[in-house]
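Enquirer: Given the sequences, and given the hints that come with them, work out the whole structure.
Residues per chain are reported as follows:
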Amino acid sequence: MRRYYFDNIATTRVDDEVLKEMLPYFSEIYAIPSSQFSHQDGILGSDAIEKARERIAACINAEPSEIIFTSGETESNNLAVKGAAYYGKKKRDHLITSPIEPRSVLNSVKKLGKEGFGTSIIKVDGEGFADPDDIKGALTERTSLVSVSYVNHEVGTMQDIERIGTLCAERGVLFHTDASYAFSWFPIDVKKQNISLMTLSADKIHGPKGAGILYKNKNVKIDRLFEGNFNEFYIRPGLENVPAIVGSGKAAELIEKNKENIMKVKPLRDKLIADLLKIDDAVLNGPKDKRVDNNVNVTFYRAEGEAIVLHLDMHGISVITGSACFSESLEPSYVMMALGYTHERAHGSVRFGLSRLSSGVEIEYAAEKARFVVNKLREISPIK
Amino acid sequence: MSMPYNQTILKYFLNPKNVGQIENPDATATEGSPACGDMVKLYLKVDPETLVIQDIKFQSYGCASNIATASIITEIAKGKTIEEAKQISWESANRELGGLPPVKIHCAVLAVDALKTAIENYEHTHGLLKEKIPTDESTVTKRLRSVINPVLGKDIISTDLVNGIDISSGTVKVHVKMKEDEQFFANVKDEIIERISPLWDIRKVEVVPNGD
Numbered sequence: 084m085r086r087y088y089f090d091n092i093a094t095t096r097v098d099d100e101v102l103k104e105m106l107p108y109f110s111e112i113y114a115i116p117s118s119q120f121s122h123q124d125g126i127l128g129s130d131a132i133e134k135a136r137e138r139i140a141a142c143i144n145a146e147p148s149e150i151i152f153t154s155g156e157t158e159s160n161n162l163a164v165k166g167a168a169y170y171g172k173k174k175r176d177h178l179i180t181s182p183i184e185p186r187s188v189l190n191s192v193k194k195l196g197k198e199g200f201g202t203s204i205i206k207v208d209g210e211g212f213a214d215p216d217d218i219k220g221a222l223t224e225r226t227s228l229v230s231v232s233y234v235n236h237e238v239g240t241m242q243d244i245e246r247i248g249t250l251c252a253e254r255g256v257l258f259h260t261d262a263s264y265a266f267s268w269f270p271i272d273v274k275k276q277n278i279s280l281m282t283l284s285a286d287k288i289h290g291p292k293g294a295g296i297l298y299k300n301k302n303v304k305i306d307r308l309f310e311g312n313f314n315e316f317y318i319r320p321g322l323e324n325v326p327a328i329v330g331s332g333k334a335a336e337l338i339e340k341n342k343e344n345i346m347k348v349k350p351l352r353d354k355l356i357a358d359l360l361k362i363d364d365a366v367l368n369g370p371k372d373k374r375v376d377n378n379v380n381v382t383f384y385r386a387e388g389e390a391i392v393l394h395l396d397m398h399g400i401s402v403i404t405g406s407a408c409f410s411e412s413l414e415p416s417y418v419m420m421a422l423g424y425t426h427e428r429a430h431g432s433v434r435f436g437l438s439r440l441s442s443g444v445e446i447e448y449a450a451e452k453a454r455f456v457v458n459k460l461r462e463i464s465p466i467k
Numbered sequence: 007m008s009m010p011y012n013q014t015i016l017k018y019f020l021n022p023k024n025v026g027q028i029e030n031p032d033a034t035a036t037e038g039s040p041a042c043g044d045m046v047k048l049y050l051k052v053d054p055e056t057l058v059i060q061d062i063k064f065q066s067y068g069c070a071s072n073i074a075t076a077s078i079i080t081e082i083a084k085g086k087t088i089e090e091a092k093q094i095s096w097e098s099a100n101r102e103l104g105g106l107p108p109v110k111i112h113c114a115v116l117a118v119d120a121l122k123t124a125i126e127n128y129e130h131t132h133g134l135l136k137e138k139i140p141t142d143e144s145t146v147t148k149r150l151r152s153v154i155n156p157v158l159g160k161d162i163i164s165t166d167l168v169n170g171i172d173i174s175s176g177t178v179k180v181h182v183k184m185k186e187d188e189q190f191f192a193n194v195k196d197e198i199i200e201r202i203s204p205l206w207d208i209r210k211v212e213v214v215p216n217g218d
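Here the protein sequences line up with chains A and B, keeping their order. Going by the working numbering, the first residue of the first sequence is number 84, and it counts up by one from there. Going by the working numbering, the first residue of the second sequence is number 7, and it counts up by one from there.
Simulated from the structure, these hints should not be mistaken for lab results.
Simulated DEER-style distance windows between Cβ atoms: (1) GLY26(B) / LYS342(A): 48 to 56 angstroms; (2) LYS23(B) / ASP396(A): 17 to 25 angstroms; (3) ILE466(A) / SER203(B): 18 to 26 angstroms.
Facing chain A, according to a computed beta carbon distance under 10 angstroms, are these residues of chain B, among others: (4) MET9; (5) LEU16; (6) VAL25; (7) THR36; (8) ALA41; (9) LYS47; (10) GLY68; (11) ALA70; (12) PRO156.
Even glycine gets a Cβ: it sits at the ideal position worked out from N, Cα and C.
Expert: Structure, rendered in structure tokens:
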């Protein structure tokens, strides 16, 4: 059966060009890059890493030496939050974040809180927006770091990171943003946006998995979390994952080349939202405006999310839900709870993630099947 | 790695048996709520002479496990006497389904509870109770533990939504810490009435909001 993949916010298909560029680094150029002073093979690997650094730096107005390669979004978030907190803890020991951050940020902050750091988790409104004034109000003389995502992974809310970055800079506070879900959709300029630390992940932009990036402003100092060799500026020791790094660089470079396809996603998103909202008792989760181009999240009341997802899967459609029945903790989506949604709204939510490979045909198919499945489940539901 | 659900479960989930309502049922029961993400309503038609379950139907707002379990227990229960049907456990339903993922067992329990409650309600309303224990506060409280607080997703007793219970001459008054115009008041009220009114010696159930 043909598959209709709509889980592109979780991860994307590797672009053919990316894969092609990665392949030689498995079977031909596989030497350890840090052996560049001992043999030719290492130089080739080292050159490939530096090229990737340059390509990524160029996308975000950074310098190549400000790019650190990691194993993914989770590691980059841990490294940014814990690394900055530990380095600065003698002078400043207070952290600010939002309740809808990815767990790698939220749980890092919570863990640091248990270790004695002060933490403030500021509120978000019903569309997921953090008010920069609330952040300003939470800043103290002891605040070392503010961590707020550029785009929320679940409901697609785009934060005003430029304002948050500026108000942090004015107070000498570091600003970290997980921009994994914004990369390729919204402009990123680390200088203009006053970003001190930023997480990116290649797998969200048709690059490989296990390929994370941490942008670290050259004036910002952080502790490393692992001990080891001197790789990645002695911040992230360990043998470099050269194929993944090469793939990251290529995927970043392809953003510009695919600009037209990327621009086509927003109208597809709007079409899908409009079609889904034609179903009775359907509501959009997250904001209508200032929403990332590839995120559609809709609740169908009177139908349960896991049942919808499983039925859609039988029709070849891959989506996820914020329902408790879908989660391993049996709790409804913490993001939707933080937005003040009811349990029922979370239980009936379905997230469709688009990519630049999505097509109008796929959108129409998904909307039609969603209508069919939701109606079918409502027929057997006791709630009328 | 295979699907978390086996083919039997999927079959029942995709094409559930005994779905729908029974007109003029002899007993009904609802377990769960939209807030906890799983809700099942069961309808029974029982032969008053033989006490055989002639017809049984269910409606479900729930996940695959809930739908599949409700479907299979209605199949097992149909044609059995209510005494026999009382013996149906979630373990036996789970066995018939070939094993649910452990994390999903609670969804199966909900469907089995609905059957047990429906039979209990039948006994209450048809004079079949062996011991006619007068309804007291603890009976009511026990039943209210199955009514879910839609805001918190847990029962209304443990979430302290109930202010007090008065019982006198066949009338139960449940005082709840909710305003009459509150979003979920009507929903909670209906669930409380449905839960308490089958009790054999109760003729009237009132749900009193705050401030009345």
